[in-house]
Amino acid sequence: MNIPNCSRISIALVQGSFAVGGVAANVARVKAFYRIAALAKADLVVFSEMTVPGYPPEDLLLSKSFQKRCIEALRECTEMTSAGGPAMLIGSIGREARPEADADGAALHNAMFLLEGGKIMAQQNKRNLPNYGIFDEPRYFAAGTVPAPMSWRGVNLGVLICEEMWSSDLAQALKQQGAELLIAVNASPFEIGKPEMREKVAARRVRETALPLLYVNQVGGHDEWIFDGNGFALDADARACLRMPGFREDFRLLRLEKRGETWCAVAGEVTSRPPDLELAYNALVLGLRDFVLKNGYAGVLLGLSGGIDSALAAAIAVDALGSEQVRALMLPSPYTSQESLEDARECARRLGIRLDSISIEPGMQAYAAMMAPMFGGEMPELVIGNNQPRLRAAILMELSRVERRLLLNTGNKSEMAVGYTTLYGDMCGHYAVLKDVYKTMVYQLAAWRNARQEVIPQHIIARAPTAELLPGQADQDTLPPYELLDRILEQLVERRCGVEETIAQGFEREVVEYVAAMLHAAEHKRRQSAPGPKIGAMSFWRDRRYPISNGWYVEQLQRFDGAALARVLDERKR
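Going by this note's numbering, 748 is the number at position 517 of the sequence shown; the sequence numbering is gapless.
Hints listed in this document are in silico derivations from the structure and should not be mistaken for laboratory results. There is no bait here: all hints are sound.
BS3-like mimics (lysine-lysine), calculated; alpha carbons at most 27 Å apart, straight line: (1) Lys-425 with Lys-525; (2) Lys-406 with Lys-489; (3) Lys-295 with Lys-525; (4) Lys-350 with Lys-272; (5) Lys-425 with Lys-406; (6) Lys-431 with Lys-489; (7) Lys-272 with Lys-489.
Simulated restraints on C-beta separations: (8) Ile-423 with Ala-682: 16 to 24 Å; (9) Gln-759 with Arg-585: 28 to 36 Å; (10) Asp-708 with Asn-781: 22 to 30 Å; (11) Glu-509 with Gln-569: 30 to 38 Å; (12) Pro-712 with Ala-441: 48 to 56 Å; (13) His-690 with Glu-592: 22 to 30 Å; (14) Pro-506 with Pro-593: 41 to 49 Å; (15) Pro-506 with Tyr-777: 30 to 38 Å; (16) Ala-597 with Pro-506: 48 to 56 Å; (17) Ile-423 with Glu-685: 22 to 30 Å; (18) Leu-715 with Arg-490: 54 to 62 Å.
Cβ coordinates follow ideal geometry from the N, Cα and C atoms, glycine included.
Construct all of the structure, not just a fragment, from the sequences and the given hints.
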């Protein structure tokens, strides 16, 4: 029902988890939230961008049957409003006849719909389609035109769809056309520092337009994407009058009053923003939990080595699913130290998870008996080293399959960057929870988690990292110290600097060239790695895409120390 010239309105902000492709389940979630909004006497309930299909649907959008189901689902959402309850602002796909459209004569849009009284009152098509990093929207959607405000009950709503908030032109255009209130609807994935940055950008839009702004984001893990929620509302003076918690579903009712020509919010709860380490940890927990639940795994299985990476991964798994859903295996070889065995047992005890131990020595002996003749009777060290993680992977994969558990990969970003990992060995797994976490951050996250409850033994944190594939082995026999390695990778990976630019930052040429050679030689390994949650600005694969067969890098590497690099390149390819 249209009510002209309102002076008070109540808007419900829904921070919901909507499954990619789970259209029926998403409609059910919409219905549940809509009922809550109706009971709360909301006038308008606002859902996130692409609520109906989930985000990102990727090539599901190329399926005509999927498009048809989404359009049917939007009708179901429209029908919810027919009984005189709140209006609904919701995201889905839209179609519109255009000359550049597909064979069916209708271009596909990322769109927001205003629903009321059982009708679609307005449709706004997203104009600014992101095409960078993890985003690829022009592959699927046609761009909309400069939007006009949506007129609702005498109030002009200026709707910004995700990317459109990040530039000033559309907000100002909406203001010039009479918008009284800005609503930014999003499917904005998490990365460290982004929640604070969103609020700063929103504050700029408020100051430019002198309009209050409501920010709604979805929440949940979808493969590599982690949506953190963290919705908020800013008054016309850019003051936060509502801030929603991150990494969980939430529903908030915001009351606004019109004072003169300005809509002013009645202040709601403004939650404090946690520090970056806590946000990062929560993102990893949510990403793993949703990957397990949305893919129907019965639980998690991982190898617990007594090292820091597997200990942190186990802690994340327990926080995500509970200790009863996590099982660990210790798979010692003749090179596994007693302290590793003891550390793994103590870590499992503190986490309350089941730990079984299976020696891989019989498998090593059988493999050596089979393969040694191929090498003149003596197994090369490299073969001995690589055989162990591959035996471990075989055991873990078999148990994972039988028990229908997700096999959790525990490798970190530093190792993946330089290829300090074994193909089809410790690279195995369905999900790599630390894939976007550098080794130095692994230690920081472990310390943060232990400050809440000491679940990772201090001895694990204090020990020098080692793969224990050969007698007396340590990571630093092959790699620079992780503090140095990660600082160099920050330049080469996160900032896309070249070798000379990195050296100019004060690093030794020999070390930078060595790291760059390892980075380039490991591209084929990264291409085969398990998916994992993105928490940084430059994740492998989605954000950083390089060819494996790369003549440019060959030319660059020819300038380096030939003998040293030949050894590096040879070792990293195994």
